[in-house]
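Residue numbers (the numbering used here), protein chains in the order written: chain A, 1 to 336; chain B, 1 to 228.
No lab work stands behind these hints: they were computed from the structure.
Fair warning: this is a prediction, and the values are worked out from it, not measured in the lab.
Backbone N, C-alpha and C define an ideal beta-carbon position, used for all residues, glycine too.
One should not assume that every hint holds.
Taking CB as the label site, the calculated pair distances span [stated by the list, open to error]:
(1) A:K71 / B:P195: 39 to 49 Å
(2) B:A6 / A:D106: 22 to 32 Å
(3) A:G107 / B:L191: 49 to 59 Å
(4) B:R169 / A:K141: 20 to 30 Å
(5) B:L156 / A:S231: 41 to 51 Å
(6) A:R81 / B:A95: 29 to 39 Å
(7) B:A181 / A:L20: 50 to 60 Å
(8) A:F194 / B:I47: 36 to 46 Å
(9) B:R25 / A:A65: 32 to 42 Å
Covered stretches of chain A, as calculated for chain B (at least 3 residues, CB under 8 Å) [said to hold, decoys possible]:
(10) 110 to 120
(11) 126 to 134
If you only want the chain B side, here are some residues facing chain A, beta carbon under 8 Å, derived [what the hints assert, rightly or not]:
(12) S24
(13) V28
(14) F52
(15) M55
(16) I59
(17) V62
(18) G63
(19) A64
(20) V67
(21) M74
(22) A134
(23) L166
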Amino acid sequence: MDAFLASPIGILAITVAQTLALLVPVLLAVAYLTLAERKVLAAMQLRRGPNVVGPFGLLQPFADAIKMLMKETIIPSGANRFLFVLAPILLFMLAMIAWAVIPVQDGWAIADINVGILYLFAVSSLGVYGVIIAGWASNSKYAFLGALRSAAQMVSYEVSIGFVIVTVLLCVGSLNLSDIVRAQERVWFFIPLFPMFIIFFISALAETNRAPFDLPEGESELVAGFFVEYSSMSFALFFLGEYANMILMSALTTILFLGGWHPPMHMEPFTWIPGFVWFALKIALLLFVFIWVRATFPRYRYDQLMRLGWKVFLPFSLVWLILTAAVLKLAGWLPA
Amino acid sequence: MIAALAFYFFAAILIASAVMVVSSRNPVHSVLFLILAFFNAAALFLIAGAEFLAMILVIVYVGAVAVLFLFVVMMLDIDFARLREGFQRYAPVGAVVGAILFLELLLVLGSWTFADQSAELRLSPNPGGDVTNAMAIGRILYTDYVYLFQASGLILLVAMIGAIVLTHRKSTASRRQNIGAQVSRSGSVLLEKVPSGAGIGTLGIRRPPVAEVEKPAVTHDAGHGGHH
Chain A
1 MDAFLASPIG ILAITVAQTL ALLVPVLLAV AYLTLAERKV LAAMQLRRGP
51 NVVGPFGLLQ PFADAIKMLM KETIIPSGAN RFLFVLAPIL LFMLAMIAWA
101 VIPVQDGWAI ADINVGILYL FAVSSLGVYG VIIAGWASNS KYAFLGALRS
151 AAQMVSYEVS IGFVIVTVLL CVGSLNLSDI VRAQERVWFF IPLFPMFIIF
201 FISALAETNR APFDLPEGES ELVAGFFVEY SSMSFALFFL GEYANMILMS
251 ALTTILFLGG WHPPMHMEPF TWIPGFVWFA LKIALLLFVF IWVRATFPRY
301 RYDQLMRLGW KVFLPFSLVW LILTAAVLKL AGWLPA
Chain B
1 MIAALAFYFF AAILIASAVM VVSSRNPVHS VLFLILAFFN AAALFLIAGA
51 EFLAMILVIV YVGAVAVLFL FVVMMLDIDF ARLREGFQRY APVGAVVGAI
101 LFLELLLVLG SWTFADQSAE LRLSPNPGGD VTNAMAIGRI LYTDYVYLFQ
151 ASGLILLVAM IGAIVLTHRK STASRRQNIG AQVSRSGSVL LEKVPSGAGI
201 GTLGIRRPPV AEVEKPAVTH DAGHGGHH
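Bound-form chain A, shown alone (with noise of 0.2 Å):
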């Protein structure tokens, strides 16, 4: 067995069953998300929200995907084809090989390679294709509109993520993501790094495409943005991709700031449940903020948006960058 385990075929058996194990439930996660997200705005909207389809309306998320499956997929005559039908499955591949390096407890990454962090930066600033390609393949005036200012924004807003992580890898000394989470061990690092948190989150909105910052499908001028061609299963894996990319975002949030599967307190109660669970729980709670945050502020107008970008986040983090250096620098807790 062991022997079988080490042949390149065992390596690969096990890398497909662990890439399950880690999909099966990210899959049911975004589902489940599109629920919670319609209970919890109904919710704050003093409705009821899905409650028809199954218990609580447990079933909604199945009932929607085999409604998507069954409706007719349109490509507009003067789309371009290849590029119209690639834009949605890239959005949602993108979404999903992120996940290879995602640590969810110490030593459960699929992949724990050196420069996770740089990975997972690569992977969601190509997200931008998915969309820019969506809308230009459309051939249609809207959908061009909102790809522009995708494209625009979501570059934007990475600059300051970079900052971000920079600040984080500083008082880390690896890029490593199960490294980060272990160097949280007695401080969660949005405790010393509280305003970066913040303009993570921010950004990760931003880079997500929700609101207040959901103007590529701002609905109100644009119909629905970069998708408004799209019809049927390349619909539903936009959608599909934009939920998975709010997991995933929350995911990185969690491991940059929140202690990844550490327990708030190292000492019994918290100590029984598993680190999964603790990485899970965070996972939501950033979540219930995403949807809180939708249900709470009305969409920024575009320049506002660039000014937040560039004139307020940008200088900040700048500014917090050097501040870390210098402190770590001084106080001599650079880390080896």
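Dock chain B against chain A, hints included.
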């Protein structure tokens, strides 16, 4: 074996997509093939063990530079029929320039000599020990050659400032929003504690207190004096 196969696979796609970049008719397709080429170059870096360079290549070139390329190419309205018009006329000149460049390359390559240890250095980006290659690059850039690194940063800064100075036009027609003045203006926003579940209707529609003089005098009709 597998590494060699993977190398030839990625190298073949890299060269094929590089050819497609210059030969495809649609400029958007060109940029997309360029992105594919970047990806395969990153894969080659990974095979060589330089994972830091591979990730930086994807982040900088695919994640930022190519997005701007794509952005510009999609926005520009280029008439390609007109661009191709003079092809026959300019082909001989282009061929001569190309031939001269090719000759120069041959001359350079002819006098090229390899360093003594180049063979063993070529595919070993790590200096040995438990030093990761992010750390190895960091040592070279920020410890050994920090002044050259800073100088190149300054050159790029000058180029950026130059580009902004050359293209920036101060427009007098656009009306800017002064966020500071707007936020500090008191009296125009009313904060009201609304009982949960009852809504604003139970309080009746309130009008904000009269705003300060800097607000342009607009006649409100009675229905719109609600909350902001």
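Status of each hint after checking the structure:
1. For the pair A:K71 and B:P195, the supplied restraint of 39 to 49 Å holds, since their beta-carbon distance comes to about 43 Å.
2. Range check, B:A6 to A:D106: Cβ separation about 31 Å, and the 22 to 32 Å hint holds.
3. In this structure, A:G107 and B:L191 meet the distance hint of 49 to 59 Å, their C-beta atoms being roughly 50 Å apart.
4. Between B:R169 and A:K141 the C-beta distance comes to about 27 Å, which sits within the given range of 20 to 30 Å.
5. The hinted range of 41 to 51 Å is satisfied by B:L156 and A:S231, whose Cβ atoms lie roughly 46 Å apart.
6. Range check, A:R81 to B:A95: about 37 Å between beta-carbon atoms, so the 29 to 39 Å window is met.
7. The hinted window of 50 to 60 Å between B:A181 and A:L20 holds, with their beta carbons roughly 57 Å apart.
8. Checking the proposed 36 to 46 Å range against A:F194 and B:I47 shows it holds: the Cβ atoms sit about 42 Å from each other.
9. About 40 Å separates the C-beta atoms of B:R25 and A:A65, a value consistent with the hinted range of 32 to 42 Å.
10. For the stretch 110 to 120 of chain A, the stated coverage by chain B is satisfied: 5 residues place a CB nearer than 8 Å to a CB of that chain, which reaches the threshold of 3.
11. Three residues within the 8 Å Cβ limit are the bar, and the stretch 126 to 134 of chain A against chain B gives 5, so the coverage statement holds.
12. With a cut of 8 Å, the hint placing B:S24 at the interface with chain A is violated, because the nearest CB-to-CB distance is about 13 Å.
13. Look at B:V28: its Cβ gets to within about 6 Å of chain A, closer than 8 Å, so that hint holds up.
14. Among the interface hints, the one on B:F52 holds; its C-beta lies about 6 Å from the nearest C-beta in chain A, closer than the 8 Å criterion.
15. Interface restraint check: B:M55 against chain A, minimum CB-CB distance 4 Å, threshold 8 Å, status holds.
16. At its closest, the beta carbon of B:I59 sits 5 Å from a beta carbon of chain A; the interface hint therefore holds under the 8 Å criterion.
17. About 6 Å separates the beta-carbon of B:V62 from the nearest beta-carbon of chain A, less than 8 Å, and the hint is met.
18. Taken as an interface hint, B:G63 checks out: its beta carbon lies about 3 Å from the nearest beta carbon of chain A, inside 8 Å.
19. Checking B:A64 against chain A by beta carbon gives a least distance of about 6 Å; that is within 8 Å, so the hint holds.
20. Restraint check, B:V67 versus chain A: the minimum CB separation of about 6 Å is within 8 Å; hint holds.
21. Taken as an interface hint, B:M74 checks out: its beta carbon lies about 5 Å from the nearest beta carbon of chain A, inside 8 Å.
22. A least Cβ separation of about 6 Å between B:A134 and chain A falls short of the 8 Å threshold, and the interface hint therefore holds.
23. At its closest, the beta carbon of B:L166 sits 20 Å from a beta carbon of chain A; the interface hint therefore is violated under the 8 Å criterion.
Hint violations for this structure: numbers 12 and 23, all remaining hints satisfied.
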